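Student: Each chain is listed here by its residues.
2 protein chains.
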Amino acid sequence: MIRLVLGGRMPKIQIETVREAQARIAPYIRRTPFIPFDFLSLATGKELWLKCESLQRTGSFKIRGAANFILSQLAQAKKCGVVAASAGNHAQAVASMAKALGIRSTIVMPTITPPIKVQNTRRWGADVELVGDVYDDSFEHAMTLAKTKGFLFIHPFADPLVIAGQGTIGLELAESNDFSDIEAVAIGVGGGGLSTGIAAVLHELHPKVKIYGVVARNAPSAWKSFHKKSLVSEPVSFTLAEGVAVKRPNEQMLGYMQEYLDDMIALSEESIANAIAVLTEQGKLVVEGAGALPVAAIIEGLIPEKKVALILSGGNIDIPALSHVLQRGLVEQGRMVRLMISVSDRPGGLNAVTDVLASQRANIMQIFHQRSSIHTKMDEAEIEVDLETRGPDHTKEITAALTGRGFRVKCD
Amino acid sequence: MIRLVLGGRMPKIQIETVREAQARIAPYIRRTPFIPFDFLSLATGKELWLKCESLQRTGSFKIRGAANFILSQLAQAKKCGVVAASAGNHAQAVASMAKALGIRSTIVMPTITPPIKVQNTRRWGADVELVGDVYDDSFEHAMTLAKTKGFLFIHPFADPLVIAGQGTIGLELAESNDFSDIEAVAIGVGGGGLSTGIAAVLHELHPKVKIYGVVARNAPSAWKSFHKKSLVSEPVSFTLAEGVAVKRPNEQMLGYMQEYLDDMIALSEESIANAIAVLTEQGKLVVEGAGALPVAAIIEGLIPEKKVALILSGGNIDIPALSHVLQRGLVEQGRMVRLMISVSDRPGGLNAVTDVLASQRANIMQIFHQRSSIHTKMDEAEIEVDLETRGPDHTKEITAALTGRGFRVKCD
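Residue numbers (the numbering used here), protein chains in the order written: chain A, 1 to 412; chain B, 413 to 824.
The set of hints was computed from the structure by calculation and includes no laboratory data. Please read these numbers as outputs of a predicted model, since none were measured by experiment. A virtual CB, placed ideally from N, CA and C, is assigned to each residue, including glycine. A couple of the hints might just be wrong.
Said to hold, decoys possible - Simulated coverage check for chain B against chain A, where a stretch passes if three residues somewhere in it have a Cβ under 8 Å from a Cβ of chain A:
no., region
1, 438 to 447
2, 465 to 472
3, 593 to 601
4, 736 to 743
Unchecked claim - A few chain B residues that don't get close to chain A, going by computed Cβ distances all over 10 Å:
no., residue
5, LYS424
6, LYS490
7, THR692
8, ALA770
Kindly generate the complete structure, drawing on both the sequences and the hints.
Tutor: Structure (structure tokens):
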């Protein structure tokens, strides 16, 4: 269970506190690029702009909130040290700010956290404690450390100073000339600190701009709660957008979402994977699943406005996950295919096939030659080959060339 | 053979022409981000900055030169149309500028150009002609089209207007506050337009800044020519930096390189692959091989200065190539391993192995079970399994668990 740090009813998010945050954190954060996404604009007939928090220090927007929180209570933080629970972006953000300010930091991470994330957090000098099988247990342990050791606890989202820090993205957008006629902004929603922080600022400065929150369908609690206007718990399935996977929204954050977000959209894993691949191939940006949600919403045609700003919240995607997504994209585009080729089971059968593949300039990634498959006749062997091709037309040429040499070919 | 477009001795590159270019092309190009690379700075004890031309329109710096060339001769370009030969970044740059200005463009590409690059060029409305087995033949055909059809020919580098266009990156650097105490700049070198354009500007404005040119060792002609101070032809082997693979430098461009570059460095494919992987995983940027050369030079410790600007010239890497590089990186980091496991050749052997793998939370990517391998005893079968692990320590744990259950295990 996530405990509420904010007590009672949530106060309105004041733009003045966001402005104060902006001045406070300026030396420690990067004003991230806001750039047009030509490829997807051309493909959709829209005017799409990307706010690249993936290029923020520590690879996500989280450092804005962490910086504002720590700098607002600097004397206490220096005296007592800080503690946070996170397996991801909040961990790196807190550790890096603590290092920059010479503050002792303790980060509690679930025991199953990938070592690369533990390493990235230790790199900033944090004491990492691996406690708890799931995040909620790590969170409890961090709260206990705060109480018993006097560390200053930094909540990942449900804190006015943290929300004000994330809201500085809204100010940067509003200050950009390129933002002037933006009609809508799409933002991934996890705890809600990022989306409501930005939305509160834009409601004040650009009241006509529509704000869309985006979640993964495999972690739909915030989406369901938003539409039902009451708290709903939902189990979390596997999602590429693990950074926004929440079982049950924080009650007060849900209140903010209902006040500040115009609509909430939920997307499939296929959409999220596709958005990551499009950002990589066409946007030249490495973006994690949660960060790619707004782009996925555009590709699925779920945002009607023409000129839209998409918040790429972070770039901390695991390389194995990115690699899978890219390979899958190649399969879907027909640039990676599997052929089953039946050949006569005599010496030279495989050679005849590879001869055709070589002359067609098809790149073999993997090949199996099997004699007693259930699909083969007695005098035949089956060759299963994974190929990189130049695309569907090339695949057709390869298949035709094989058929022309008398082989039976099936495309898997 | 590449014909010289510039006749006789090359005139000095004048900073005024670069300033004129900057004003001329401003509405058509993006002032690209210049951002610190925290991860590699921390790892090397340097202060590294990235100039992200990978985020430039069309994914590379090439549009700067193309824009300056076309805008300088706009009336003729509009009347006659333009032509260029390129399988890569120059093609997209010319096609996109022509589209923006309502000019007819013809791009000659080698017949073996990957369809994705043909598509990307046609997307901008260019007439693409696939002519020539190698680039030089495409180049000849484009020159012929220029003569017979009156198209305005746009050279990819050996032209003062093109060089001045690329030089605008030097002005953007010089105008940035963050550049003020930069000690060195590293730039990939192909034809030489980018490196000499930037270098000429910085020689004038920041004469103390050292300029390093970087090439791939598998395409070493410019590097050898630079150090021998005379033209050397060298065959080109496979390189991830195909964007800068040149068999023989242009004589006059070599003159510029010798005038403007302080040193030239050549790098292995392993270094280039590693730099691409580091930029992806830690920099959150998708960069092509040629664009990653400066980062590779830093990782290899070949640039002694402390505060260094690295020009990421482009982001147009093929996704299959990127995917290979990332997978290879995982293997090198011990996050992807192949184990050979000998089990008794009785029902349940494989199940006993997968039981251990499941309890160790190792992710199976591929598995083979073979009974009559040359390595197996009569009563054994061999299981070859490719695993994703959390790293070398996790691999050791998995191996120990398998050995503990009585299996013989070899790590490949």
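Student: State for each hint whether it applies.
Tutor: Checked hints:
no.	hint	verdict
1	438 to 447	holds (count 3)
2	465 to 472	holds (count 5)
3	593 to 601	violated (count 0)
4	736 to 743	holds (count 4)
5	LYS424	34 Å, holds
6	LYS490	22 Å, holds
7	THR692	6 Å, violated
8	ALA770	14 Å, holds
When held up to the earlier numbered hints, the structure conflicts with 3, 7 and fits the remainder.
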